[in-house]
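Protein chains in written order, with numbering that gives the first Met the number 0: chain Y, 0 to 281; chain E, 0 to 364.
FYI, nobody ran anything at the bench for these hints, they're computed from the structure.
Warning: the hint list may mix true and false statements.
The calculated DSBU-like cross-link candidates involving lysine-lysine, where the alpha carbons are at most 30 angstroms apart (straight line), are [claimed, not checked]:
(1) E:Lys144 <-> Y:Lys277
(2) Y:Lys97 <-> Y:Lys276
(3) Y:Lys276 <-> E:Lys144
(4) Y:Lys277 <-> E:Lys142
(5) E:Lys292 <-> E:Lys330
(6) E:Lys136 <-> E:Lys118
(7) E:Lys121 <-> Y:Lys277
(8) E:Lys121 <-> E:Lys136
(9) Y:Lys97 <-> E:Lys29
(10) E:Lys167 <-> E:Lys118
(11) Y:Lys277 <-> E:Lys147
(12) E:Lys121 <-> E:Lys142
(13) E:Lys118 <-> Y:Lys277
(14) E:Lys136 <-> E:Lys147
(15) Y:Lys276 <-> E:Lys142
(16) Y:Lys276 <-> E:Lys147
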Amino acid sequence: MFSRAYRLVITLPPLLWVAVFLLVPYALLFCYSFWSVSADQVILHSWSLDNYRELLHVHVYLQTLFRSMWIAARVTIFSLLLGYPLAYYLSFHAGARKDLFYQLVIIPLWVSYLVRAYAWKTILGSDGVLNTLLQYVHLTRHPLEFLLYSPFAVVLTLTHIYTPFAFLPIYASLEHIPRNLVEASHDLGASPRQTFWRVILPLSIPGVLAGATFAFVLSLGDFLAPLLLGGPSGIMISNIVVSLFGAAYNWPLGAAISLCMLLLVLGLLFLSENLEKKWSFR
Amino acid sequence: MTSQSEVGKQTRDGAQPLLSIRNLAKSFGKNRVLRDISLEIAQAEFLTILGESGSGKTTLLRIIAGFETADSGEILMEGERLDLLPPYRRRVNTVFQHYALFPHLTVAENVGYGLQVAKAPKDEIAARVEQALTMVKMTAQAKAKPAKISGGQQQRIALARALVNRPKILLLDEPLSALDANLRRQMQVELKSLQREVGIAFVFVTHDQEEAMVMSDRIALLRMGELEQVAPPREIYSRPATAYTAQFIGHTNLLRGEVHEGVVRCGSLDWPVDLPDGPVLYSLRPENVRLIKAGAGGPGVNVVRFRGRVRHRAFHGSTEMLQVECVDGLKLSVRASAIEQRSDELELEFSPQDAVPVRESEERV
Numbered sequence: 000m001f002s003r004a005y006r007l008v009i010t011l012p013p014l015l016w017v018a019v020f021l022l023v024p025y026a027l028l029f030c031y032s033f034w035s036v037s038a039d040q041v042i043l044h045s046w047s048l049d050n051y052r053e054l055l056h057v058h059v060y061l062q063t064l065f066r067s068m069w070i071a072a073r074v075t076i077f078s079l080l081l082g083y084p085l086a087y088y089l090s091f092h093a094g095a096r097k098d099l100f101y102q103l104v105i106i107p108l109w110v111s112y113l114v115r116a117y118a119w120k121t122i123l124g125s126d127g128v129l130n131t132l133l134q135y136v137h138l139t140r141h142p143l144e145f146l147l148y149s150p151f152a153v154v155l156t157l158t159h160i161y162t163p164f165a166f167l168p169i170y171a172s173l174e175h176i177p178r179n180l181v182e183a184s185h186d187l188g189a190s191p192r193q194t195f196w197r198v199i200l201p202l203s204i205p206g207v208l209a210g211a212t213f214a215f216v217l218s219l220g221d222f223l224a225p226l227l228l229g230g231p232s233g234i235m236i237s238n239i240v241v242s243l244f245g246a247a248y249n250w251p252l253g254a255a256i257s258l259c260m261l262l263l264v265l266g267l268l269f270l271s272e273n274l275e276k277k278w279s280f281r
Numbered sequence: 000m001t002s003q004s005e006v007g008k009q010t011r012d013g014a015q016p017l018l019s020i021r022n023l024a025k026s027f028g029k030n031r032v033l034r035d036i037s038l039e040i041a042q043a044e045f046l047t048i049l050g051e052s053g054s055g056k057t058t059l060l061r062i063i064a065g066f067e068t069a070d071s072g073e074i075l076m077e078g079e080r081l082d083l084l085p086p087y088r089r090r091v092n093t094v095f096q097h098y099a100l101f102p103h104l105t106v107a108e109n110v111g112y113g114l115q116v117a118k119a120p121k122d123e124i125a126a127r128v129e130q131a132l133t134m135v136k137m138t139a140q141a142k143a144k145p146a147k148i149s150g151g152q153q154q155r156i157a158l159a160r161a162l163v164n165r166p167k168i169l170l171l172d173e174p175l176s177a178l179d180a181n182l183r184r185q186m187q188v189e190l191k192s193l194q195r196e197v198g199i200a201f202v203f204v205t206h207d208q209e210e211a212m213v214m215s216d217r218i219a220l221l222r223m224g225e226l227e228q229v230a231p232p233r234e235i236y237s238r239p240a241t242a243y244t245a246q247f248i249g250h251t252n253l254l255r256g257e258v259h260e261g262v263v264r265c266g267s268l269d270w271p272v273d274l275p276d277g278p279v280l281y282s283l284r285p286e287n288v289r290l291i292k293a294g295a296g297g298p299g300v301n302v303v304r305f306r307g308r309v310r311h312r313a314f315h316g317s318t319e320m321l322q323v324e325c326v327d328g329l330k331l332s333v334r335a336s337a338i339e340q341r342s343d344e345l346e347l348e349f350s351p352q353d354a355v356p357v358r359e360s361e362e363r364v
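All chains should be modelled from the sequences, with the hints used to inform the complete structure.
Here it is in structure tokens:
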């Protein structure tokens, strides 16, 4: 066994790192959320629940939060609808090309987020690839305006970006299903379709839950896609936080929103962890 | 001497076979796993496919179940093509080597799975599941998940899950290999009596020749993708057709000899035979060589008597296995009752009818 001193030396740096760069900022955030800003933009260290009260009573915050959740929910559903069939095909039917396809799914993750978001901008814009094409084949006469600077653009971009995150855990859970269970199901008279619904899908639920959690949590906190492609109607809660910490200079209110988001996400993670446990059988 | 494709064709009775396998062949890449297998399985028969690992026995089973397709040949069940149907349309069920119970379903749901997907009425499912669980004495665990029950219990559930569908043939892929020795022996007996009770044909795959002998009506011995011999256990033991069969099933002594004018000569031993001149190979079981007590009379009629020296002895409980070296250097294994006092110089004899002429087992690549 390792000596006490050795273990201390090994574990101290990462512990310090986490403490200084994670726990301390969270603690500060927590404190800020109870403070306030004076008219001449000085942070007042007086404790009150005013920020949380404002959150509940000013319409725009809750509205934006719900819109963000609705966008994240759509991204989650579309990511699952794309990711699951892809993972299923790769795991059960791709045969020798499995590894190649797997790499193809992973490669987009190496490309910078910004590049991918900008790519959608050039595709969806009024002079963009899509509108030019639609007019060229005379399907439309004028550029379609709703394509860019809309929740639609945000959902599309986030779905593109986060589908691999939904795909990966689903693929992993499908790969873990013993193939003799599939054979046993066929052996007992179940058609491929019945086998999917009765054996494969139930056994891949933990992967689906993990994938859904990834997609939802990551897109809920996203602020670049709405900033670049969302327009006024596609603003998400993180954009408000960013502006409160920046131009608006209301750190206490920003901190309060951030903490609410943090609690929401933690609650979701806790819930999905429990559900995953309930659905795993080994 | 029967040709290879004839080997498997005799069934126990003359009735129409339940399953006919005809000239089946299968390769994985360059590896020829099965070559020209022909075999018939009778109604309610317990047939064991016996072979070493790599002999192709599991592949043969998987082709019958429908998980693999043969490169050539055909399988008929009661006269109709079986090999063209997908696995879920075959009246064949499998007990898998590692049971393959569905981990997300309870024991009862596992057993009822086949009936459920066949959309049987609810009360019928319940009744038949109950009956199947009673048959394997597992009613108490009906609501447990497979992970919560022991290996032997999982084994029973796998059996019940397959039998509840009333298949025409039950395939068993080394189902006892994961169990410890005692439980294994117990399950062999249970499995055999269960098979008699339900009257369904069992095709049982194993590499364990003892297991094969205990349970089977017939044994089909597979060697490197070809059937070596198909016969009831007693026959395959006492009249092995080839050197490989004789060596794989039980212990034997292989005696290489030369026939000349109605007398065979193996080293210093000779006895009259009814065979044409030429080289022969004999299988002589160790228990068919008898020790002669000192002072006993001369050799009786029609026995071969000789002297030997014990080189090695291995104690097996009620018997011991002696390695005896004869005067001319010929070495024989002899099974004798385990008596403590015994001189190393022995007089032995055997009856010529116990020496069975066997074919050489040709090399296969």
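Structure-based check of each hint:
1. E:Lys144 <-> Y:Lys277: The given pair, whose Cα atoms are some 13 angstroms apart, holds under the 30 angstroms limit.
2. Y:Lys97 <-> Y:Lys276: holds (28 angstroms)
3. Y:Lys276 <-> E:Lys144: holds (15 angstroms)
4. Y:Lys277 <-> E:Lys142: holds (17 angstroms)
5. E:Lys292 <-> E:Lys330: holds (21 angstroms)
6. E:Lys136 <-> E:Lys118: Satisfied, since the Cα-Cα distance of roughly 26 angstroms is no more than 30 angstroms.
7. E:Lys121 <-> Y:Lys277: With a Cα-Cα distance of about 27 angstroms, the restraint between Lys121 of chain E and Lys277 of chain Y holds, given a limit of 30 angstroms.
8. E:Lys121 <-> E:Lys136: With Cα atoms ~22 angstroms apart, Lys121 of chain E and Lys136 of chain E stay inside 30 angstroms; holds.
9. Y:Lys97 <-> E:Lys29: With a Cα-Cα distance of about 23 angstroms, the restraint between Lys97 of chain Y and Lys29 of chain E holds, given a limit of 30 angstroms.
10. E:Lys167 <-> E:Lys118: holds (20 angstroms)
11. Y:Lys277 <-> E:Lys147: Within the cut-off at roughly 15 angstroms; holds.
12. E:Lys121 <-> E:Lys142: Holds: Lys121 of chain E and Lys142 of chain E sit about 17 angstroms apart, inside 30 angstroms.
13. E:Lys118 <-> Y:Lys277: OK: Lys118 of chain E and Lys277 of chain Y at ~28 angstroms, within 30 angstroms.
14. E:Lys136 <-> E:Lys147: Holds: Lys136 of chain E and Lys147 of chain E sit about 16 angstroms apart, inside 30 angstroms.
15. Y:Lys276 <-> E:Lys142: holds (19 angstroms)
16. Y:Lys276 <-> E:Lys147: Given that 30 angstroms is the threshold and the Cα spacing comes to 16 angstroms, the pair holds.
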